[in-house]
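Which chain is which? The protein sequence lines are E and S, in order.
At position 1 of the first sequence the residue is numbered 1 (UniProt numbering), and the sequence of numbers has no breaks.
At position 46 of the second sequence the residue is numbered 46 (UniProt numbering), and the sequence of numbers has no breaks.
Calculated directly from the structure, the hints in this document are not laboratory data.
Errors might be hidden in some of the hints.
It does not matter which identical chain is meant; a pair holds if it fits inside one copy or across any two.
Lysine-lysine pairs mimicking DSS-like chemistry, simulated, CA-CA at most 25 Å apart [to be verified]:
1) Lys68 / Lys614
2) Lys540 / Lys502
3) Lys126 / Lys293
4) Lys540 / Lys614
5) Lys142 / Lys105
6) Lys32 / Lys178
7) Lys216 / Lys484
Number of protein chains: 2
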Amino acid sequence: MSSSDHLPVQIPDGFAPLGTSGTRLLEIERAKASFSPAELREYIYGNEYLERQSRILPIVENEPAFDKSQIHYMSRGDKYRHGLRKDKRMVQLTREHGWSAEDVKVAEELVDMPAAFGLHNSMFLKTLRSQSNDEQQELFTKPAENFEIIGCYAQTELGHGSNVQGLETTATYRPETKSFIINTPGMSSMKWWIGGLGRTADHAVVMAQLYTPDGKDGKLVKRGPFPFVVPLRDRKTRELLPGRTVMDIGPKAGYPMTDNGTAIFNNVEIPHINFLAKFANVDPESGRFTAPKHDKVAYGTMTFIRANIVQQARMILARSATVAIRYCAVRRQFADRDAPQTDDGRKPSESQVLNYLLVQARIFPPLVQAFALHYTGRAMMTAYNASQAALEEGDFSLLADVHASSSGLKSLSTIMASNAIEECRRACGGHGYSLSGGLASLYADYLPQVTWEGDSYMISQQTGRYLFKTMRSVLADRNSPANKANDTAQYITRYVDNPNAKAPFKYAGDLSDPQIFVDAFAHRAAYLTATALRKRDIEKRTWNDLLIDIFRMSTAHSQFILVNNFAQAIMHDEELASKPAVHRIMTTCFELFACYTMDTEASEFLSSGYLQPKQHELLRSRTHALLAELRPQAVPLVDAWGCPDYLLNSALGRADGNVYPALVRFAQGEPLNETRFNVAIDEDELEVGKEQGVRAWTKL
Amino acid sequence: MSSSDHLPVQIPDGFAPLGTSGTRLLEIERAKASFSPAELREYIYGNEYLERQSRILPIVENEPAFDKSQIHYMSRGDKYRHGLRKDKRMVQLTREHGWSAEDVKVAEELVDMPAAFGLHNSMFLKTLRSQSNDEQQELFTKPAENFEIIGCYAQTELGHGSNVQGLETTATYRPETKSFIINTPGMSSMKWWIGGLGRTADHAVVMAQLYTPDGKDGKLVKRGPFPFVVPLRDRKTRELLPGRTVMDIGPKAGYPMTDNGTAIFNNVEIPHINFLAKFANVDPESGRFTAPKHDKVAYGTMTFIRANIVQQARMILARSATVAIRYCAVRRQFADRDAPQTDDGRKPSESQVLNYLLVQARIFPPLVQAFALHYTGRAMMTAYNASQAALEEGDFSLLADVHASSSGLKSLSTIMASNAIEECRRACGGHGYSLSGGLASLYADYLPQVTWEGDSYMISQQTGRYLFKTMRSVLADRNSPANKANDTAQYITRYVDNPNAKAPFKYAGDLSDPQIFVDAFAHRAAYLTATALRKRDIEKRTWNDLLIDIFRMSTAHSQFILVNNFAQAIMHDEELASKPAVHRIMTTCFELFACYTMDTEASEFLSSGYLQPKQHELLRSRTHALLAELRPQAVPLVDAWGCPDYLLNSALGRADGNVYPALVRFAQGEPLNETRFNVAIDEDELEVGKEQGVRAWTKL
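Sequences and hints are given; from them, build the entire structure.
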């Protein structure tokens, strides 16, 4: 019998799938590699990251508090508990091993269980650090860094998410007592969705509309939203302090370990020092308000967060492609329609699902999109650093372009990644629906990325505004140096100079020039901008009338950036050029990314007259040919991304290909299997007893 | 205080959202109706259905066993128990009220909790009824109908889903004992995914490869997959019988109440009578096998099931649109950019999210798609009945067209509906992510429809094969009467006669002729077929090479059917014509459906040369204009679908618009709120106590 004696149902020893094993099938795939996956991996991540990961992985994957094998059987409450335990243990391990912030980041990525302390570690600490004066650093930041207080960041309200200026919670200064009164005026003002607020946090940074007395007649005047530190619970007894109503908001599609919470403040009084006062000021005596100087770094912070979102989306795409590609290499279904009979007259054996072109068309795009996001994420970090350096020199010229592009890229990359998870899950057929596959829960947990940090549909307006502004400026004076300062202004200028340009390719071979795609995507983004700008400035259409056009412009601009950064690497990245085999396969990935994306969006290339119908047909054929070309390299390519089994947590995506035994073990773990149920219609009792241990087989 | 005294956290009496209430906002929307929602509802469903629903709804929504309010807080095990209780109670109520099969269907639709008996009621009973001889009807069907035995339908295996011919489970006939030996030869042969098998069923219909002795030398010969009745458990003690290993396969993305299970049979012996023998025969004495006559009704059954899938997809679209449209009418965020200040100088108030064009572009298409599927589902039922009637006259001519179209429509409608749920969920912003919204769980539960009953990507090959065949036949003799027999042959003939046709519209007003769209979609489907057929028959490309083209053909053909059936109703449905206000709004819905779909697929219309770039621009403008035109009718239109609150089970989609109080109640129900947690890093204990009842507010 199997050695897993605690499992309620056991299966026979040596019971294996019929036919070629998954392990063998993956070995055969790996033998086809035209490049070294290890070399590509090093090129992607760099040695420093890989060394860090290989140091930390064995610690976290062997830590009982970080075990992932039981999570899918747990109730939501037990998932919260598991997450809280994990968060405590992470702090302990950080102290034991003396981990740096980078180490912890890698550990959290691998453990991949956002939980109770998630917002304490990010927004709570970040806000305290950036918005506190020296006294507040001592009073709040240090205890928070030592986990003596646990906090959350309370901005969103039941009635207000995106529109921060519309927040309703009030903080009214009372000079007599030198205190602020925090109040929740109505149900729509309840703080809502706040990570860690539900059961965990004892403190909150609360964003509230500041009211201070006006100089002349002492009338209260609204000053806009500012951050306040509000104690919530007694740090020891964990009882709520008076005036606070706090609870978890209940289960969500994902994120079960995080206690998103709500709070009502009923005239809660906090001392003057709890107003985070680095940028604005309320005079303690008079209550006189001094407005903050413009927070120039805010745009920078957003860009940094968004660059991280793009880098994270890259890993989501790589994970999804890894699971789907490995599983589809192990799964076999139907013989090829055109396959000949074998020599001895038997039917041909079943084909790997990965061989089907329609499957390739669904799961190879996420793989090449991961590489595209990789180069753009890298470029965003470089641009962020350059713009920060320029800022310190008092130069604001880089900021607008970097910020506008980061909005569109946040939008595009999160929509792209979430769609890819689901496409890969569906490509895994029936087994993709089991939580053991790892993609269904990844999807559920990833979805908030589409909505938070700027809703990915709404946020496109920031990019649109910038494209309008740039084109207006080019139209006003196309020779101004400002209009040569960055890629956006340059491609818009090129379009304005030659709006009737045509795609110059005629043969499939022409498509091997990356510049073809850079020019095409640039022309399309500029064409959409020109068309929409005409509606705005000449037809005087309302902004709302143009929201669809603006979303399309933002998408087109962002796709241009992805194509451009990927193309630049293919053409000019010296490290890549020095690795010919890696360069060769990256070139195929680039071509597939560019052709696939262009085909998907073909109507806009056709409508502008840039692309002719015959060229579109050529493009589609080339896309199909590239899928077939990539086929033998698919498993080596996902191996190159090097997602550890511990991270994937997927029966389908295992590196060793032992898919079916892993599915069986997942079934064996289901707690329902311990109980026998009563199906008699007229009996209320639902259970009739416990299963009697091991069943069948050896007993026959 | 609130009267809900059992809730761990209470909120103050009279605590309401600020600003105009959701109820008032929906009242204002309803006052804008240009037609009678009740009249449209009657037109869609017919009186008989509505009377049935209104008779059954009060019974099921007041039945404690069918309560939906606690489900999202339950563990998976408790969800299974809730489902089992619901299934037993449904049988009791059916007996108490003397419900017909139609009544039960309506009750199950409203309760919407597929659970333990789901496959007993469908495939188990259906197979017994259609495949049993008279003796077997007495032995198996009658006890099953009385719920004396509970069954499941065991076809899928761990290694085989779509490819039924590849099943590995064996049933070997042994003339000596007049019995079959059922055996699971390896892990890949384990029955898997079988609904109700995990914990509930005591019997299974097992599809197994039949082996019988060959006449000459008695050598065992494989005869293909056939159904066998296999007892699994003792009906009273519920203990597994010897030789059976059975368990639940563990949690899935959705369907928590259903115990999908697995089984291993280790040489399980069943008597000859357990072979369901209506169509094939194994002689008890000799074991001589007689092959079944071709089961001519099988295609019919599939068509019937798929027509039901299309009708169900229609309701999924209507539900999703109902939730998103009502919520977006209640939710307000940001003031319109172009809105003027109010007369007294205040900022304009926030706009309903439903006013934003980009939101309309995401949530109105599902609404009009629901109407499109409605007409096509109705047409499929008519076609099914006609083809069954013809079959009984020995006329097979209708079968192929009806079956091929039903494959493509199954594929298109399930992909359309699943994507629409998620798009509507995202359009609900942050609150769409809460399970209280109802769409996240609807999505998770709907997803299997995309995969089962023929994987919606793979199944398109059936439609493709038929389109190839039809075009070959037209090319061979375009005057043959067979090539005028149905819409498909007719539009292919039209295309062959005039492959270079052009879209005839020039002005927006031209688009008000439905025939414009019928012709356009027909031309595109034929164009794609012609292009792919050239590759197959002239270039001799492999079938696999063409799978993407074939999927596109199938989609195009199915979209033609949707457009055509909707257009026919607008042009020729007399009942519709007799209700001018309803006809008017349906015409707008049709135009939006046709324009939106054509814009989405524009690249293929452009590539064929049928559509010119200028026409595409016109089409896009018209689509945007139609969204704005539909805006004031959106709430009345979803009201017309009449999805009861009990069915929606959504805090966001409530008919009364009281969204925010419902979100708060959902939070109050979360069991985690009863416990206080210990966050001290160095203490292992996770809990510190119970919350002390009512908090804050009145105590200050």
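Do the hints match the structure? See the list:
Taking the closest pair of Cα atoms, lysine 68 and lysine 614 never come within 25 Å of each other, the shortest separation being 52 Å inside a single copy and 56 Å across copies. For a Cα distance limit of 25 Å, the shortest separation of lysine 540 from lysine 502 qualifies neither inside one copy, at 29 Å, nor across copies, at 33 Å. In this assembly of identical chains, the alpha carbons of lysine 126 and lysine 293 lie at most 25 Å apart only when taken from the same copy (19 Å versus 74 Å across copies). For a Cα distance limit of 25 Å, the shortest separation of lysine 540 from lysine 614 across copies, 21 Å, qualifies, whereas the shortest one inside one copy, 37 Å, does not.
Within a single copy, lysine 142 and lysine 105 get their C-alpha atoms as close as 20 Å, which meets the 25 Å cut-off; across copies the closest is 62 Å, which misses it. In this assembly of identical chains, the alpha carbons of lysine 32 and lysine 178 never lie at most 25 Å apart, being 73 Å within a copy and 52 Å across copies at closest. Taking the shortest alpha-carbon separations for lysine 216 and lysine 484, neither the intra-copy value of 50 Å nor the inter-copy value of 88 Å comes in at or below 25 Å.
Hint compliance for this structure: hints 1, 2, 6, 7 are broken, all remaining hints hold.
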